[in-house]
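**Q** As they're listed, the protein sequences go chains A and B. Using my numbering, the letters of the first sequence map in sequence onto residues 1 to 416. Using my numbering, the letters of the second sequence map in sequence onto residues 1 to 416.
Keep in mind the hints are simulated off the structure, nothing from the lab. Certain hints may be false.
Copies of the same chain are indistinguishable here, so a pair counts whether it falls within one copy or spans any two.
Calculated cross-link-like contacts (lysine-lysine; reagent style DSSO-like; alpha-carbon spacing at most 27 Å) [as the list claims (entries may be wrong)]:
(1) 146 / 80
(2) 51 / 36
(3) 202 / 90
(4) 146 / 36
(5) 59 / 172
(6) 146 / 270
(7) 202 / 80
(8) 3 / 59
(9) 80 / 221
(10) 36 / 170
(11) 146 / 51
(12) 3 / 36
(13) 172 / 270
(14) 343 / 324
(15) 160 / 365
(16) 3 / 146
(17) 80 / 3
(18) 160 / 221
(19) 221 / 36
Protein chains: 2
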Amino acid sequence: MYKAEIITVGDEILIGQIVDTNSAWIAVNLNIAGIKTGRITSISDNGNEIKDALRQAEKRADIILITGGLGPTSDDITKKTLAEYFGSAKMIVHQPTLDFIRDRFARRGMELSELNRRQAEAPECSVVIPNRNGTAPGLWFEKDRKIFVAMPGVPDEMMKMFPDVINMLKNKILLPQIVHRTMMTFGIPESVLAETIEDWEKSLPANISLAYLPNIETGVKLRLSTVDSGNAHEVIEKLFDRLFPVLGNSIYGYEPDSLESVTGKLLLQKNATLATAESCTGGKTAHRITSVPGSSAYFRGGIVAYSNEIKTDLLGVRPEDIEKYGAVSETVAAQMAKCARKKLNADYAISITGIAGPDGGSAEKPVGLCWFGIATPCGVKTFSQRFVMDRLGNIAAASSVSLNGLRTELCDNTEN
Amino acid sequence: MYKAEIITVGDEILIGQIVDTNSAWIAVNLNIAGIKTGRITSISDNGNEIKDALRQAEKRADIILITGGLGPTSDDITKKTLAEYFGSAKMIVHQPTLDFIRDRFARRGMELSELNRRQAEAPECSVVIPNRNGTAPGLWFEKDRKIFVAMPGVPDEMMKMFPDVINMLKNKILLPQIVHRTMMTFGIPESVLAETIEDWEKSLPANISLAYLPNIETGVKLRLSTVDSGNAHEVIEKLFDRLFPVLGNSIYGYEPDSLESVTGKLLLQKNATLATAESCTGGKTAHRITSVPGSSAYFRGGIVAYSNEIKTDLLGVRPEDIEKYGAVSETVAAQMAKCARKKLNADYAISITGIAGPDGGSAEKPVGLCWFGIATPCGVKTFSQRFVMDRLGNIAAASSVSLNGLRTELCDNTEN
Numbered sequence: 001m002y003k004a005e006i007i008t009v010g011d012e013i014l015i016g017q018i019v020d021t022n023s024a025w026i027a028v029n030l031n032i033a034g035i036k037t038g039r040i041t042s043i044s045d046n047g048n049e050i051k052d053a054l055r056q057a058e059k060r061a062d063i064i065l066i067t068g069g070l071g072p073t074s075d076d077i078t079k080k081t082l083a084e085y086f087g088s089a090k091m092i093v094h095q096p097t098l099d100f101i102r103d104r105f106a107r108r109g110m111e112l113s114e115l116n117r118r119q120a121e122a123p124e125c126s127v128v129i130p131n132r133n134g135t136a137p138g139l140w141f142e143k144d145r146k147i148f149v150a151m152p153g154v155p156d157e158m159m160k161m162f163p164d165v166i167n168m169l170k171n172k173i174l175l176p177q178i179v180h181r182t183m184m185t186f187g188i189p190e191s192v193l194a195e196t197i198e199d200w201e202k203s204l205p206a207n208i209s210l211a212y213l214p215n216i217e218t219g220v221k222l223r224l225s226t227v228d229s230g231n232a233h234e235v236i237e238k239l240f241d242r243l244f245p246v247l248g249n250s251i252y253g254y255e256p257d258s259l260e261s262v263t264g265k266l267l268l269q270k271n272a273t274l275a276t277a278e279s280c281t282g283g284k285t286a287h288r289i290t291s292v293p294g295s296s297a298y299f300r301g302g303i304v305a306y307s308n309e310i311k312t313d314l315l316g317v318r319p320e321d322i323e324k325y326g327a328v329s330e331t332v333a334a335q336m337a338k339c340a341r342k343k344l345n346a347d348y349a350i351s352i353t354g355i356a357g358p359d360g361g362s363a364e365k366p367v368g369l370c371w372f373g374i375a376t377p378c379g380v381k382t383f384s385q386r387f388v389m390d391r392l393g394n395i396a397a398a399s400s401v402s403l404n405g406l407r408t409e410l411c412d413n414t415e416n
Numbered sequence: 001m002y003k004a005e006i007i008t009v010g011d012e013i014l015i016g017q018i019v020d021t022n023s024a025w026i027a028v029n030l031n032i033a034g035i036k037t038g039r040i041t042s043i044s045d046n047g048n049e050i051k052d053a054l055r056q057a058e059k060r061a062d063i064i065l066i067t068g069g070l071g072p073t074s075d076d077i078t079k080k081t082l083a084e085y086f087g088s089a090k091m092i093v094h095q096p097t098l099d100f101i102r103d104r105f106a107r108r109g110m111e112l113s114e115l116n117r118r119q120a121e122a123p124e125c126s127v128v129i130p131n132r133n134g135t136a137p138g139l140w141f142e143k144d145r146k147i148f149v150a151m152p153g154v155p156d157e158m159m160k161m162f163p164d165v166i167n168m169l170k171n172k173i174l175l176p177q178i179v180h181r182t183m184m185t186f187g188i189p190e191s192v193l194a195e196t197i198e199d200w201e202k203s204l205p206a207n208i209s210l211a212y213l214p215n216i217e218t219g220v221k222l223r224l225s226t227v228d229s230g231n232a233h234e235v236i237e238k239l240f241d242r243l244f245p246v247l248g249n250s251i252y253g254y255e256p257d258s259l260e261s262v263t264g265k266l267l268l269q270k271n272a273t274l275a276t277a278e279s280c281t282g283g284k285t286a287h288r289i290t291s292v293p294g295s296s297a298y299f300r301g302g303i304v305a306y307s308n309e310i311k312t313d314l315l316g317v318r319p320e321d322i323e324k325y326g327a328v329s330e331t332v333a334a335q336m337a338k339c340a341r342k343k344l345n346a347d348y349a350i351s352i353t354g355i356a357g358p359d360g361g362s363a364e365k366p367v368g369l370c371w372f373g374i375a376t377p378c379g380v381k382t383f384s385q386r387f388v389m390d391r392l393g394n395i396a397a398a399s400s401v402s403l404n405g406l407r408t409e410l411c412d413n414t415e416n
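So here's chain A without its partners, still in its complex pose (with noise of 0.2 Å):
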């Protein structure tokens, strides 16, 4: 398998101004077309440092990517490295290039600057790459049987470039076929699912890798890797198959589904709409909710009852319940739900009433405590969890815990 290397010049990446979002979306890209990332560097717009980057880089890699530092301005030296690099100082302008600079900064009524002028410079030993969406060429050069090819580092402008690069690989090389699938799972902590699957993963074939990735909204996920000899689709789907009779319901999908486009595909095959009450995650769960395009299909709307008074007139739960159990109880999660279930004309309605913290907790309700109620058309169920994060954490995962747990309920509902 080809193996690449990206690196990223740049100081804004250095000194954190800038998340590097680009490697990201090469590496998938990458991969998607057989090729292995095996490092990302970030270094700063440095001549030495460049140099210094791409000499170990080619060591390790076939081919290396370089985006940033193509740009006009003073601090933009990747092109000029990139020449020096590879020994031929010499700039010679592409005259395609220098037309389209021309022609968009026309269309501006623009003149065209001497420093504009030389973006459509490039080493003599490289071959230019359009920039279709910006000023910057991309370079590609060859030294050793090893690939450079230096991109623009705006992502707009390196995204379009990148479909002429993996075909001016194809070109080069024969690419092998890499496959991915990711199981999504909710409700087992990562080490508990590790030995709960430990004997899955050790009948997993050499050629497949596995990877475990937890995440506070997601749940854990379960990643399958291989390169495609022909049928790694089916392998790699039979493989999965075989933990949902260890798993059962903890798996709720795969990449990209999450607990609320899940949930929502439940409530559209069954034609029904849901609401939700929301204390102490304050509308997170409503908002994940409407994050999926297409949610108004099924949404009804929520309230967010932060208040006791929010709770007892615009939600009707009784007063008296919340003076005797307090308002992260039981009977108002199971009210709550009932409720918003009627309130808002929904077939099902999610509650949360909790303590998300710092303060507000107490010896019998400690910050982090949480009640859910979930009502549906047969009744309503209740459930309690306790979480140990910050606030946003405990936000995050009781928003999750309530979709997890409506997400069963359709589940079961749909089985009977």
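Given chain A, work out where chain B should sit, using these hints.
**A** For chain B alone, kept in the frame of chain A given last:
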């Protein structure tokens, strides 16, 4: 100035499944502590790769920060590899960590597995850095006057641990005092802002650096940084003071202020309460308001009126106005805010109704168009804006604009 390198370990970064946001965050915070990040390297979960990256980094840098691969599963090999690298394969149980993990599991009513128990082990030659947000502790190594710190890859856990790392570094080495202060602005696009404050920027002393940090949710932040020679705080303060006559109410505070925290403070000052009525933002605004600890003191609650029936039945918007003007209209935005203020018995209410996308637009009302309402004790104000991002971007931007609308209303109101 001390030089650091960041090494992120994890196949998920190299296949592009995860964008490495940790490195940018660490780089910013190293920078604040007066440490320069020289290089960021992402490598796979592979012992030889890790060792090779360590060998190269320690040639160039004084401090090497590693994230990722400290978890309990078989692909997490950073701890084992570090032990080998520093020639001390012997692992010792760190009792406080074991107690912490056991307690964490006990509170969830779970037994400690062997895998979790192993999380509490650390190489004999390392110093353990507590992880208050997870089970994998950080590790600190020293070798040939170089410092190596391994932290978990889960952003939340790493971020919570980082202040301890900085304190440990300060105990070891003398760091220059870098002073940063970040002014928060909202409502002026970066390029317009840059033109507006061009004279001010040109007048900045040579030893003070300025960074523009644009963000959908926070607006454009302006960061001034300098090495402290005794009075940097005052110097920076005076420089920022000169921006108030230029930018006026577009300035809403200094980091860590957010639109939601600033509006919260203004409401507390007025002893006033707030309610929300959201359509297209689907609960995002309520979520942001309730992300602020203590927000229950002023936030009564909100209604996510995702369907027209909820707008009419629960909020009380006139159905004939929805019929006549459409749900995305000035009239409906005004009524939503007024009704929310009344129904939720609050002093102020904000409303948002719009088309988040990707579908649902028309020639007259394109995707991204939003109408906003701000209801106050003195009446209701409305305004509209169009956003041109994707669904989540439009939702985030619209919630910011509504919070900023409330903020300017509260400020104007205070000044009168």
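**Q** So, for every hint listed, does it hold in this structure?
**A** Okay, the hints, checked on the actual structure:
| no. | hint | verdict |
| --- | --- | --- |
| 1 | 146 / 80 | within (19 Å within a copy, 34 Å between copies) |
| 2 | 51 / 36 | both (22 Å within a copy, 20 Å between copies) |
| 3 | 202 / 90 | between (57 Å within a copy, 26 Å between copies) |
| 4 | 146 / 36 | within (15 Å within a copy, 32 Å between copies) |
| 5 | 59 / 172 | within (19 Å within a copy, 36 Å between copies) |
| 6 | 146 / 270 | neither (53 Å within a copy, 61 Å between copies) |
| 7 | 202 / 80 | between (51 Å within a copy, 20 Å between copies) |
| 8 | 3 / 59 | both (11 Å within a copy, 25 Å between copies) |
| 9 | 80 / 221 | between (41 Å within a copy, 24 Å between copies) |
| 10 | 36 / 170 | within (15 Å within a copy, 39 Å between copies) |
| 11 | 146 / 51 | both (15 Å within a copy, 25 Å between copies) |
| 12 | 3 / 36 | within (5 Å within a copy, 30 Å between copies) |
| 13 | 172 / 270 | neither (47 Å within a copy, 62 Å between copies) |
| 14 | 343 / 324 | both (23 Å within a copy, 25 Å between copies) |
| 15 | 160 / 365 | between (44 Å within a copy, 25 Å between copies) |
| 16 | 3 / 146 | within (10 Å within a copy, 31 Å between copies) |
| 17 | 80 / 3 | both (26 Å within a copy, 26 Å between copies) |
| 18 | 160 / 221 | both (23 Å within a copy, 23 Å between copies) |
| 19 | 221 / 36 | within (21 Å within a copy, 35 Å between copies) |
Violated hints for the displayed structure, listed by number in ascending order: 6, 13.
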